[in-house]
Amino acid sequence: MAFDFTDEVVLITGAGAGLGYGCATAFADAGAKLVVTDISQEALDRVVQELQRSGAEVLGLLKDVSDSADVDAMLKAIIAHYGRLDIAVNNAGIATPLQEFHEVSEAQFDRVMAVNLKGVWLCMQAEIRQMLKQGRGRIVNMASATSRNTYPNASPYVTSKFAVAGLTRTVAMEYANRDIRINAICPGNVATPLVVSLVEDLSVLATKHAMNRLGTPEEVANGVLFLASDLSSFSTGSLLEVDGGWNAT
Amino acid sequence: MSRMLNKIAIITGAASNPGLGYSTAMRFAQEGAKLVITDIDMVGLAAIEKEIAATGAEVLAMAQNVVDEQRWQAVIDATVERFGRLDVLVNNAGIAVLKPINEFTQADYNMQMDVNLRSVFLGCQKAVPAMKDSGGGSIVNMSSVAAMRGMAAVSVYGMAKAGVQILSKCVAVEHAADGVRCNSLHPGLIETNIQNDARRDNPENHAALGAMVPFGRMGYPEEVANCVLFLASDEASYVTGAELVVDGGLIAG
Numbered sequence: 001m002a003f004d005f006t007d008e009v010v011l012i013t014g015a016g017a018g019l020g021y022g023c024a025t026a027f028a029d030a031g032a033k034l035v036v037t038d039i040s041q042e043a044l045d046r047v048v049q050e051l052q053r054s055g056a057e058v059l060g061l062l063k064d065v066s067d068s069a070d071v072d073a074m075l076k077a078i079i080a081h082y083g084r085l086d087i088a089v090n091n092a093g094i095a096t097p098l099q100e101f102h103e104v105s106e107a108q109f110d111r112v113m114a115v116n117l118k119g120v121w122l123c124m125q126a127e128i129r130q131m132l133k134q135g136r137g138r139i140v141n142m143a144s145a146t147s148r149n150t151y152p153n154a155s156p157y158v159t160s161k162f163a164v165a166g167l168t169r170t171v172a173m174e175y176a177n178r179d180i181r182i183n184a185i186c187p188g189n190v191a192t193p194l195v196v197s198l199v200e201d202l203s204v205l206a207t208k209h210a211m212n213r214l215g216t217p218e219e220v221a222n223g224v225l226f227l228a229s230d231l232s233s234f235s236t237g238s239l240l241e242v243d244g245g246w247n248a249t
Numbered sequence: 001m002s003r004m005l006n007k008i009a010i011i012t013g014a015a016s017n018p019g020l021g022y023s024t025a026m027r028f029a030q031e032g033a034k035l036v037i038t039d040i041d042m043v044g045l046a047a048i049e050k051e052i053a054a055t056g057a058e059v060l061a062m063a064q065n066v067v068d069e070q071r072w073q074a075v076i077d078a079t080v081e082r083f084g085r086l087d088v089l090v091n092n093a094g095i096a097v098l099k100p101i102n103e104f105t106q107a108d109y110n111m112q113m114d115v116n117l118r119s120v121f122l123g124c125q126k127a128v129p130a131m132k133d134s135g136g137g138s139i140v141n142m143s144s145v146a147a148m149r150g151m152a153a154v155s156v157y158g159m160a161k162a163g164v165q166i167l168s169k170c171v172a173v174e175h176a177a178d179g180v181r182c183n184s185l186h187p188g189l190i191e192t193n194i195q196n197d198a199r200r201d202n203p204e205n206h207a208a209l210g211a212m213v214p215f216g217r218m219g220y221p222e223e224v225a226n227c228v229l230f231l232a233s234d235e236a237s238y239v240t241g242a243e244l245v246v247d248g249g250l251i252a253g
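Residue numbers (the working numbering), protein chains in the order written: chain A, 1 to 249; chain B, 1 to 253.
Rather than coming from a laboratory, the hints here were simulated on the basis of the structure.
Misleading hints may appear alongside valid ones.
Unchecked claim - Now the in silico label distances, taken between C-beta atoms and shown as ranges:
1. B/Leu5 to A/Gly166: 32 to 42 Å
2. B/Asn102 to A/Asp201: 55 to 65 Å
3. A/Asp72 to B/Ala47: 51 to 61 Å
4. B/Leu5 to A/Asp29: 13 to 23 Å
5. B/Pro129 to A/Thr150: 47 to 57 Å
6. A/Ile79 to B/Ser2: 45 to 55 Å
To be verified - In silico SDA-like links for lysine to any residue, alpha-carbon gap of 20 Å or less:
7. A/Lys208 to B/Cys170
8. A/Lys208 to B/Glu174
9. B/Lys132 to A/Asn212
10. A/Lys118 to A/Ser105
11. A/Lys133 to A/Asn212
12. A/Lys118 to B/Lys132
13. B/Lys99 to B/Glu174
14. A/Lys133 to A/Met173
15. A/Lys208 to B/Met151
16. A/Lys118 to A/Ser54
17. A/Lys208 to B/Lys99
18. A/Lys208 to B/Glu243
19. B/Lys99 to B/Pro203
20. B/Lys132 to A/Tyr82
21. A/Lys208 to B/Val173
22. A/Lys208 to B/Ile166
23. A/Lys208 to B/Pro203
What the hints assert, rightly or not - Some chain A residues near chain B, calculated using beta-carbon distances under 7 Å:
24. Tyr82
25. Thr207
26. Lys208
27. Met211
28. Leu231
29. Phe234
30. Gly237
Cβ atoms here follow ideal geometry from the backbone N, Cα and C, with glycine treated the same way.
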């Protein structure tokens with residue numbers, strides 16, 4: 001990996017699996033000091049152990065990003081341990097099973113919004129309060145190719161991701177002159193536990209992409225590291241598609 | 001510093017310094033690329049060629065009017081003959097004809113559309129077969145935030161850049177199976193010769209524009225070059241048909 005994040009303190013939420021896990025390992029390879037969170041103790045323990053075995057410095061926190069008390073405690077723990085937060089990757093997200101819009105329950109809608117949108121909202125607020133004190137910060141939000149393209153039968157998820165894109169762009173504007181850069185990554189389909197839980201036949205998903213294949217967590221992580229790095233130093237409020245051409249069609 | 005190690009890259013419009021082509025060429029050279037740089041200004045280009053060669057990088061400089069179809073073929077052929085293949089094309093060459101719509105002559109219109117859009121079409125068309133033979137490649141097309149937002153006096157420039165944006169997506173769709181990725185890059189206000197000319201011609205307007213950038217400053221060409229680097233590199237292996245905006249927040253507002 002050509003990126004260098006030596007000694008930078010990087011938070012990744014939902015790092016126990018999938019894209020969050022891919023980002024954590026990529027940042028670890030690049031020399032970062034990590035904070036990883038997840039809602040599952042088992043997943044959290046596993047990723048912390050693996051990262052430590054690879055030689056990374058890592059703080060693991062069991063947190064639900066949709067819970068404001070958890071998010072506040074998360075930031076306090078980061079500052080107590082590392083003294084600062086340089087980069088935040090707001091990745092934690094969920095999806096509900098594919099179903100027609102009129103069949104979606106209110107509870108399903110609320111839960112998806114709570115994690116995918118309000119979770120990002122709460123995390124960004126806590127992160128930015130800290131980054132304002134530091135005079136510097138970088139935030140990468142996990143949006144989706146479905147922040148601009150649609151996906152029938154996934155209405156709560158798509159709605160939440162459209163909203164994350166809007167949240168990213170408008171908040172980026174507020175802090176653009178205070179050295180806090182905020183961008184979003186828009187992945188296409190990757191064979192993560194979230195995606196695999198929704199769709200039995202992944203080969204059908206591949207056809208959505210001009211490249212006719214799913215992406216890998218490494219490919220998405222490369223985009224996240226780019227947005228967190230000085231290579232993207234003049235970008236804020238932008239959405240980077242890493243989707244094998246889905247958004248092109 | 002080896003993202004482009006041994007990759008063969010063509011960069012058009014590389015003679016202007018400060019300029020996006022120049023900065024991209026220098027950055028690619030740092031990252032290990034072998035370069036073909038082109039421009040219509042051979043005097044300026046010769047100076048850049050010398051500077052790049054002095055870094056130890058291999059570089060071939062060619063005069064090129066990017067509107068000329070046969071010259072495009074000659075540049076591609078010379079690249080393959082010299083270096084054996086083609087991995088990256090940066091369609092950067094461009095001009096800015098900025099004036100209110102009612103002041104445009106047909107000659108202005110044709111010049112702006114030819115140099116900024118027809119050129120990119122020709123480049124993509126001629127480069128793809130060579131990239132296909134090389135096992136794949138990455139095309140980065142220089143669009144602009146002017147493709148996405150209406151700006152006074154920027155109509156035909158914006159039209160050309162919007163054309164580049166959708167062209168890039170079509171190239172991505174048509175040639176994904178050939179291993180060719182194609183993306184558009186959308187800079188905002190960047191400190192280049194185009195901006196220096198605009199500042200000289202209309203200083204008040206230019207100052208007002210700069211104050212509009214949320215970052216509080218215009219961008220540096222190196223910052224755009226870094227984005228080209230990412231899109232050209234293997235780290236962007238799943239990025240195609242995408243629009244990367246590098247504008248200090250100008251159009252997020």
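These are the hints, each one checked on the structure:
In this structure the supplied range 32 to 42 Å holds for leucine 5 of chain B paired with glycine 166 of chain A, their Cβ-Cβ distance being about 39 Å. Against the hinted window of 55 to 65 Å, the Cβ-Cβ separation of asparagine 102 of chain B and aspartate 201 of chain A comes to about 57 Å, which satisfies the hint. At roughly 57 Å, the beta-carbon separation of aspartate 72 of chain A and alanine 47 of chain B lies within the given 51 to 61 Å, and the hint holds. Checking the proposed 13 to 23 Å range against leucine 5 of chain B and aspartate 29 of chain A shows it holds: the Cβ atoms sit about 19 Å from each other.
Range check, proline 129 of chain B to threonine 150 of chain A: Cβ separation about 35 Å, and the 47 to 57 Å hint is violated. A beta carbon spacing of about 36 Å between isoleucine 79 of chain A and serine 2 of chain B contradicts the range 45 to 55 Å that was offered as a hint. Proximity of lysine 208 of chain A to cysteine 170 of chain B is assessed by CA-CA distance (about 15 Å); at most 20 Å being required, the pair is judged to hold. The straight-line distance between the Cα atoms of lysine 208 of chain A and glutamate 174 of chain B is roughly 14 Å, inside the 20 Å bound, and the hint therefore holds.
Taking the CA atoms of lysine 132 of chain B and asparagine 212 of chain A, the gap is about 17 Å. The hint holds against a cut of 20 Å. For the given pair, lysine 118 of chain A sits about 18 Å from serine 105 of chain A by alpha-carbon distance, which is consistent with the 20 Å threshold. Under the criterion of a C-alpha separation no larger than 20 Å, the hint pairing lysine 133 of chain A with asparagine 212 of chain A is inconsistent with the structure, at around 45 Å. Only pairs whose Cα atoms come within 20 Å are accepted, and lysine 118 of chain A paired with lysine 132 of chain B is rejected, the gap being roughly 45 Å.
For the given pair, lysine 99 of chain B sits about 35 Å from glutamate 174 of chain B by alpha-carbon distance, which is inconsistent with the 20 Å threshold. Distance check on the hinted pair: lysine 133 of chain A and methionine 173 of chain A sit about 18 Å apart at the alpha-carbon level, within 20 Å; holds. The suggested pairing of lysine 208 of chain A with methionine 151 of chain B is violated, with an alpha-carbon distance near 34 Å, which exceeds 20 Å. Taken as a hint, the lysine 118 of chain A and serine 54 of chain A pair is broken in the structure, with Cα atoms around 33 Å apart against an allowance of 20 Å.
Between lysine 208 of chain A and lysine 99 of chain B the CA atoms are separated by roughly 41 Å; this puts the pair beyond 20 Å, and the hint is violated. As the CA atoms of lysine 208 of chain A and glutamate 243 of chain B are separated by approximately 18 Å, the hinted pair is consistent with the 20 Å bound. About 15 Å separates the Cα atoms of lysine 99 of chain B and proline 203 of chain B, which keeps this hinted pair within 20 Å; it holds. Of the supplied pair hints, the one linking lysine 132 of chain B and tyrosine 82 of chain A is violated, its CA atoms being roughly 49 Å apart against a limit of 20 Å.
Taking the CA atoms of lysine 208 of chain A and valine 173 of chain B, the gap is about 11 Å. The hint holds against a cut of 20 Å. Pair hint lysine 208 of chain A plus isoleucine 166 of chain B holds up; C-alpha atoms about 18 Å apart against a cutoff of 20 Å. Restraint check for lysine 208 of chain A and proline 203 of chain B: the C-alpha separation of about 48 Å exceeds 20 Å, so the hint is violated. With a cut of 7 Å, the hint placing tyrosine 82 of chain A at the interface with chain B is violated, because the nearest CB-to-CB distance is about 27 Å.
The criterion of a C-beta within 7 Å of any C-beta in chain B is not met by threonine 207 of chain A, whose closest approach is roughly 12 Å, and the hint is violated. Interface hint status for lysine 208 of chain A: violated, as the beta-carbon distance to the closest one in chain B is roughly 12 Å, over 7 Å. Taken as an interface hint, methionine 211 of chain A checks out: its beta carbon lies about 5 Å from the nearest beta carbon of chain B, inside 7 Å. The beta carbon of leucine 231 of chain A comes within 4 Å of a beta carbon in chain B, closer than 7 Å, and the hint placing it at the interface holds.
Hint status for phenylalanine 234 of chain A: holds, given a least beta-carbon distance of 4 Å to chain B, under 7 Å. This hint holds: glycine 237 of chain A has a C-beta 3 Å from the nearest C-beta of chain B, less than the 7 Å allowed.
The structure fails hints 5, 6, 11, 12, 13, 15, 16, 17, 20, 23, 24, 25 and 26 (numbered hints given earlier, in ascending order).
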